Amino acid sequence: MTEEPRLSEQEIIERLAPTLSRTTRIRAVAALLAGMTGTVLVSTLWWSEPGPLPGHTHLAFALFTVFCLLWTGYGGWLLTRRAPLFATDQVIAAWISLAAALATTGVVAVVAVQRGTGTGPALAVGGLFIAGTLALTVRAHARRAALLRRMRELTGREHR
Amino acid sequence: MTDELLVVRAQLGERAALAELLARWRVPVWTYVRRMLDAERADDVTQEIWLAVVRGLPRLREPGRFAPWLFTIARRSVTDRLRGEYAWAKEAPVVDDVVAEDPAEAMVDRAALVSFLADLPVLEREILVLFYLEDLPVEECADICRIPIGTVKSRLNRARRLLREHLEEKGYRP
Chain A
260 MTEEPRLSEQ EIIERLAPTL SRTTRIRAVA ALLAGMTGTV LVSTLWWSEP
310 GPLPGHTHLA FALFTVFCLL WTGYGGWLLT RRAPLFATDQ VIAAWISLAA
360 ALATTGVVAV VAVQRGTGTG PALAVGGLFI AGTLALTVRA HARRAALLRR
410 MRELTGREHR
Chain B
101 MTDELLVVRA QLGERAALAE LLARWRVPVW TYVRRMLDAE RADDVTQEIW
151 LAVVRGLPRL REPGRFAPWL FTIARRSVTD RLRGEYAWAK EAPVVDDVVA
201 EDPAEAMVDR AALVSFLADL PVLEREILVL FYLEDLPVEE CADICRIPIG
251 TVKSRLNRAR RLLREHLEEK GYRP
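Those protein sequence lines, which keep their order, are chains A and B. Per this note's numbering, residue 260 is the first one in the first sequence, and the count goes up by one each step. Per this note's numbering, residue 101 is the first one in the second sequence, and the count goes up by one each step.
Bound conformation, chain A alone (with noise of 0.2 Å):
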């Protein structure tokens, strides 16, 4: 039987091209931070908002964090089954993210303090936010350390 596969090496490649690209990690990691930071900012400004709010204000609040909430879902679906982010990529990405939680944190605690109100709340979901992320960081290098270690224990050992 002489029968082969029609697609060849450079071809399969190529298909794989789109989900391999650095637009597609991009996009992934930029949905689920802005989903993120969009969550915090909003659910933070709409607790410390002060005086009681009227209906339409709360249920406006409620439906744009409910939108930041999908386009974190969105985000995480596509860096955990779309778009690939290899050992390298997850700590440049764990980078990003910790910055946006410090970023957003410092945003909702200036405004908080700024109105006098809900200062405690803001720093707690902030602190939550930032130490999230520091976990991934954290995670992210000790994953990419356990492979570089690895990668090198089996090189030693083909030269040897």
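These are computed hints drawn from the structure, not numbers from a lab. The structure presented is a predicted model; accordingly, all values stated were derived computationally and were not measured. We put the beta carbon where it would ideally sit given N, CA and C, even for glycine. One or more of the hints may lead you astray.
Per the computed footprint, the stretches of chain B lying under chain A, defined by three or more beta-carbons under 8 Å from a beta-carbon of chain A, are [claimed, not checked]:
no.	stretch
1	106-116
2	142-148
3	219-225
4	239-246
Since chain A is already given, all that's left is putting chain B on it; use the hints.
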């Protein structure tokens, strides 16, 4: 370079390692798919498998077990296409669980095996492809098909017997 080293390098983000893995496993994956499906669907399904591999590679925790992981993905794509056949396929009762010296085994050179595979039921065909054409050990076949090792052995026995009957019907002599 071992598969494990290539997988680790690919997981770190090295595109050349990914391309090398693809070059190394392109034909084995296609062979499995083609023996399970017709020629029209084989290329599309193969592409779909590679897409799933690329997407799932960062989450592969045991780079040393790349082959069974790859064939598990391949099997999932194939079973999606053969849902009907798998649903109807039944585990036949084991007549003789002893792996006896089987005359069919002597006939099982690859060319003969390939030409008769299409006549076999899906469960037996699958196990013969994985064991004989892909040279995977029984333990990995069990992992891929999600069945106990004993079931792999009994399916192999049954598949050999069916294959021998087919070969004899068609007048093939070892």
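Hint check:
{"no.": "1", "hint": "106-116", "verdict": "holds (count 7)"}
{"no.": "2", "hint": "142-148", "verdict": "holds (count 4)"}
{"no.": "3", "hint": "219-225", "verdict": "violated (count 0)"}
{"no.": "4", "hint": "239-246", "verdict": "violated (count 0)"}
Violation of the numbered hints given earlier is confined to hints 3 and 4; the remaining hints are satisfied by the structure.
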